Structure formats: structure tokens, C-alpha cells
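Peer 1: Sequence:
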Amino acid sequence: MAEIISILNLKGGVGKTTTTINMGKALSLMGNKVLIIDNDPQANMTRGIGITKPSKSIYNVYGENETVPVLEIGDGFFATPSDLQLALIENQLNSAMNRNYKLYKGLKNIKQEFDYILIDCPPSLGVYTANALMTSDWYLFPIQAGDEYSIQGLKSMESIIAEIKEDEKMNPTLSCLGLLITMYEKTNANQFVIDALKSSYENQIFNSNIRRNTTVKESIIARMDIFSYDKNCHGAVDHMELAKEVVKRIKA
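Per my numbering, residue 1 is the first one in the sequence shown, and the count goes up by one each step.
It should be emphasised that the hints constitute simulated quantities derived from the structure, not laboratory data. Just to be clear, a hint being listed does not mean it is correct.
[Unchecked claim] Heads up, simulated BS3-like pairs for lysine-lysine below, C-alpha to C-alpha not over 30 angstroms straight-line:
1. 231 x 251
2. 111 x 186
3. 186 x 231
4. 231 x 217
5. 198 x 217
6. 248 x 165
7. 198 x 111
8. 108 x 217
9. 56 x 217
10. 105 x 198
11. 251 x 155
12. 231 x 244
13. 169 x 217
14. 231 x 165
15. 105 x 248
16. 108 x 251
17. 231 x 248
18. 165 x 217
19. 169 x 155
20. 155 x 248
21. 244 x 111
22. 56 x 33
What you are looking at is a predicted structure, and each value in this text was computed from that prediction instead of being measured.
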């Protein structure tokens, strides 16, 4: 049965999509069968792995109540693309019965086929993020080093997650996998944010940091994961260390 991980922060541009793609690829390189899901109407993850005009997408789950569609994109590495149509049906979903369980139902018959399922969430508290949290075992927060607004995005999510965990009918076993520092550089501004995090969340911060790396940006432009683009760069090393730490935390 898959370990399902939501990757989220209400602040955009903190590395959610990059983390989803590259951590997912790293886990697959470790011998796991991994599915990454683009759960964001912006479809950045979908473009980031080079998928264009898919015949089916996560839209079919929310709009048609279908099983999550899966595309093979590498050895042991699979993806569910998104579609801009998600933005068009969000208001309709908000008034639908069982609106927060569509992804849960869509994964029910296939999650046993994977070791890990990673869900790239939109930077909002809407129905798509709610669906991800209702079906996940874990959540992971990427936080951009040097960006205090990233911490505010984290704090805004905490009350929502607390409500989900407190209600036995929702997802009481949802657990924090950790806080991930992204775009890390050794500067005073970065250290200020890290010190602020440690004062409240020290035990939750990953030992692995994702260093700022121009090669990661290049891989995004090339529509490739970092390992396929340059397996020897800092970005590849950092994401592999993160994947190893994720496995260790889950198995602890």
C-alpha cells in the first residue's frame, strides 16, 4: 500500500512542484514504484515533466468521478497530469456533496500498486488541497530560505490541518513528514528564516536542504527531472538525500 504525501504551502514559488518531481524521481531510482499527481489547476508539474495534451488528467477524477489516470514517464516512475479545466469546475465542486473525497475515491483502486504517491498541491486552501489532505498519510512543507512569507503560508495551513486531524470522520492519522528548506544559500537572510523556524519547529525540519542551483532551473526549462538532466549536480544530490531521509522518517 502506498505512502501518500501531500506537498503544500499557501505561498507560491517555494519549490512545491520541483520537490514533487525530483523527490519522486529519486524515490523511483531507489527501486520504488512512484506516482506523482499534479493536483493544481495551473498544471506546472504537468508542463515540468513534458506532458502536453494528455487524453486524460486529474480533471477526469474531479469532473467525471473516474479513477486517477496514470502515465508511465520513467522506470518505476508514473504521473497524473493536470488540466486548466480544473479552474473552471472549482466553484461547481464547492457545492457538491462529498466534494472533499473525490481524490480519495479516485485513488482507492490503484494506490496498492505504488510504494509512494506524491501530490503537488495548489497554493490555496480550496477544494483541491482539501482533497489531497483527506487522502494523504503525510504532508510536507517546502519553505524557501530567506522568504518569511513562506513561514506565514505554513502557519496559515496549521489550523486547517488541525481541524482535519481532530475530526475522526476526516483524516485523524494525517501526520507531518517535515519542513523542507529550499533554495538554500549561506546568507544572513536565509539564516534568519531558518532560526525562526527552529524556534517553533526544530524537530520537524529536514536535515536535508535543497540548495539554490542554476541547474535545477535549467532542468525545469528543459521539461526534465534533475536526474535525467544532470545526475551529478548539487540539485540531484540534494533531492536524493531528501528522498533517503523521507524513507527513513516514514519507516521510523
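Peer 1: Need the list of violated hint numbers for this structure, in ascending order.
Peer 2: As far as the earlier hints go, 2, 7, 8, 10, 13, 14, 18 are violated by this structure, in ascending order.
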